[in-house]
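S.K.: Here is what each chain is made of, one letter per residue.
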Amino acid sequence: MAAEFLFSQFLSGLTTAIFLFLVASGLSLVFGVLRVLNFAHGTFYMLGAYLAWQTMAWLAPTKEGFWLAALAAATGIAILGFVVERLMFRHLYGKEELYQLLFTYALVLILGDAAKILWGTGQLSVSRPPSVEGSLSVFGALLPGYNLFVMVLGFAIAIGFWVILQRTSAGRMIRAAAMDREMLGSLGANVGVLYTGVFVVSSFLAGLSGALVSPIKAIVPGMDVEIIVEAFIVVVIGGLGSFWGTFLGALIYGQVLSFGILIFPRFSIFSVFALMAVILIVRPWGLLGRPLK
Amino acid sequence: MLDIDNVTKTFSGFTAVSGVSLTVEKQQIAAVIGPNGAGKSTFFNMITGHLTPDSGAIRLNGRDITGIAPHKICGAGMGRSFQRTNIFPKLTVFDNVQAAYLAHRGKGGNFWSPAERFYRDETEALLRSIGLWEQRESIGGVMSYGAQKQLELGLALASDPALLLLDEPTAGMSATETHEAIRLLERIAGERELTLLFTEHDMEVVFSIAQKIAVLHQGRKIAEGTPAEVRADPEVRRIYLGHH
Amino acid sequence: MSRRIPWTLVVLLLALTIPWFGSRYYTFLATQIAILSLFAVSYNLLLGTTGLVSFGHAAYFGLGAYATGLLMKELNVPFLLALLAGGLLPAAFAGVFGYFCVRLTKIYFSMLTLAFAQIVWAICFQWNEVTGGDQGISAIPYPELGWIGAIPGLGGFRTGDHFYFACVVLVILCIWVLGRITDSPFGRLLTTIRENPERASFIGVDVRRYELAAFAIAGGFAGVSGALFGIFNRGVFADFMFWPKSAEVLIMTILGGMNYFWGPVAGTIMMVVLNQQITSYTEYWPLVLGTILLVLLFAFPGGLMGALDAGAKRLRGQKTGGGDA
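Protein chains in written order, with the numbering used here: chain Z, 1 to 293; chain E, 1001 to 1244; chain H, 2001 to 2325.
Take these hints with a grain of salt, some might be off.
Stated by the list, open to error - As a list, the in silico DSS-like pairs of lysine-lysine whose alpha-carbon atoms are at most 30 angstroms apart: (1) E:K1072 / E:K1026; (2) E:K1090 / H:K2313; (3) Z:K95 / Z:K217; (4) E:K1107 / H:K2106; (5) Z:K95 / H:K2313.
Bear in mind the hints are in silico, worked out from the structure with no lab data behind them.
Model the full assembly from the supplied sequences, consistent with the hints where possible.
M.R.: Here it is as structure tokens:
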């Protein structure tokens, strides 16, 4: 009984972790290459959820339209990311880091309100696609089929991502940029294209995770700032710019939150920030990151 | 004056400096030369406290300064200039040098009196001696490269050093600028009875002012001596001068 | 800077005239501006002077508000004494947190300031017994300021006006002190850290110690500002410390111009007035603020004061040196 309960708590932490990994991996990718913490990443995630809802509304009759909606949402956010990077963000690369941060924060303010104007302030919800309805019993704990699907997808994306980083020339450039900026120029990389590409991929991931979360969480204004703080914690724990670090950070965050609620119900938020502070004090570049050069 | 004893520094498996010793006498002008990647900058950064040697010791006037913080080494009588120009780019020339006086003479604990009142005469005298008085109101970062190097020298001199370390003092300068910079250095060193240790890629500069030269190659010291001795050293000729 | 206009005095005199307009609303706005100005000026000791980007300055604002509010409400401590505690307690906290933060640089520094601030927020948000949790502390007593009405020429003003007079005098006093600190040798050496920490250490500046001192001082004055705000607001809530409040003070400072001592004050005036005007006919204030921020970043990176300065120089026919001096 107790073991089953703990296991179900573990599963819930794992689900949180996979969603957070999907969101935070894009954040970490952009930081690794562009060296900017993109505050708007959470907003892209929220807009992904809204776009998925909107596409579903247009495709109302088809219940399995969710899959199409998720893809459409992710693509839509990728395009948004492309426009933002090409038209505006790139003009700030030469400027101080602070201005780049503020730019992404301005996007949070503007796009957050734009979402309110377009979709109102009420809660919206997306129903789960019937193909993954139902639950699975794992060691006596119930795991909804949809969560299982997202977990599998999350792991698949993690592995696919890792293969791309290890095996392709784009991946090599991304790793080089994360380690040493000056090396990038010597690789003869077309830095402009790389930056745009990374920003677009990161936006795609944000949009996709927003769409994927929509069947299990209500879509509301404010979900953007909530997720971005969580994603910050995850990347800080794992190591800014580190791929497996982000994965590990998400796993730890999920479990700390999940079991923190059991141990200190009143101070569960406190525990994750405390973890973040301790990591920064003891090992500022995160568990699997390396000091920036 | 400066006594470097068998220092070694390794970066993740790569040995940048390996067992190098060097002694610089009071008021001597000494140079460290070597091809790119010979370990000159690492060697320098260990002396100035920006890097801590893995082993070995560095003594300044008999006092062990191995691995202590840069601001303390600075207080112990060592000034330095950096390879990439290293000034306070948005402050005026005057404020740059004045700030160095404030820091060195321990005024930083003063939270109340206007900073501009302090060390005006000292700053003026120093700026005149390095030839920057006319440009005292200029913003440091927008001046010519040569002038910024001069200002950097000013920052180093404001801490009344007995020993001055210069990392590539003429890097990036035109022939005329180099000539002027060297004459300035020689004059200042003479006036203030300074000991000078510098790295330099321009052999003409090295052989014209150095009294002692150490040659680094792949992290090791392969020769040391007077300019004539170094010039005659067969290994130096083979590895280094042979590239001419 | 060297034109020797006693700006502190000018601002004080101008600010003191507000209640004579006789509008409760103006006094209300002006009080808010005065209090938040101090918050922003204290922040700029870190941002503009030392070059440290803190994401957690609101923590010290909030700590000051709680300290003073609790002392006045629960223990009937006199106003000025409670206010002093509202400065000292946050300064002590900033000293402890700062000790860890200044070991880091750049984004890592910012992230740790954020983590500490969120820890403090989470505790205040859930520690019902002391901070009232999410209910906060309400009904904080107004200080006894009736004596201001007895000053010749100041009779006939409302309680709100009295509090405003007190705020203006206290805030200007604090800003004056911060100005002295900024112009002092200590402040000058802080600017060398902003400009070039590596070089600063090699003119003999112990970078971490100076940063820590600046962090504690800024935290203390943010606390005084928060203490006044708690009284003005008649209540203290955990929201005072939540991270968007830290983002707000950063934006106010940038809007006004972080390279100018009075920039944060200009930014505060702009932000408070615009906020009041715009929220009166649209709920989309963040949209407007975000747009202003974008325009600022691309067109006026020196902020309001930077733009004014550049305009004034152009009028005098000088060449402008690229925007941010």
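S.K.: State for each hint whether it applies.
M.R.: Against the structure, the hints:
1. Pair hint E:K1072 plus E:K1026 holds up; C-alpha atoms about 21 angstroms apart against a cutoff of 30 angstroms.
2. Between E:K1090 and H:K2313, the direct Cα distance comes to roughly 18 angstroms. Compliance with the 30 angstroms bound is thereby established for this hinted pair.
3. Of the pairs offered as hints, the one joining Z:K95 and Z:K217 is violated, with about 38 angstroms between alpha carbons and a cut-off of 30 angstroms exceeded.
4. With a C-alpha separation of about 27 angstroms, the suggested pairing of E:K1107 with H:K2106 holds against the 30 angstroms cut-off.
5. Only pairs whose Cα atoms come within 30 angstroms are accepted, and Z:K95 paired with H:K2313 is accepted, the gap being roughly 23 angstroms.
This entry does not satisfy hint 3, going by the numbered hints stated previously; all others are met.
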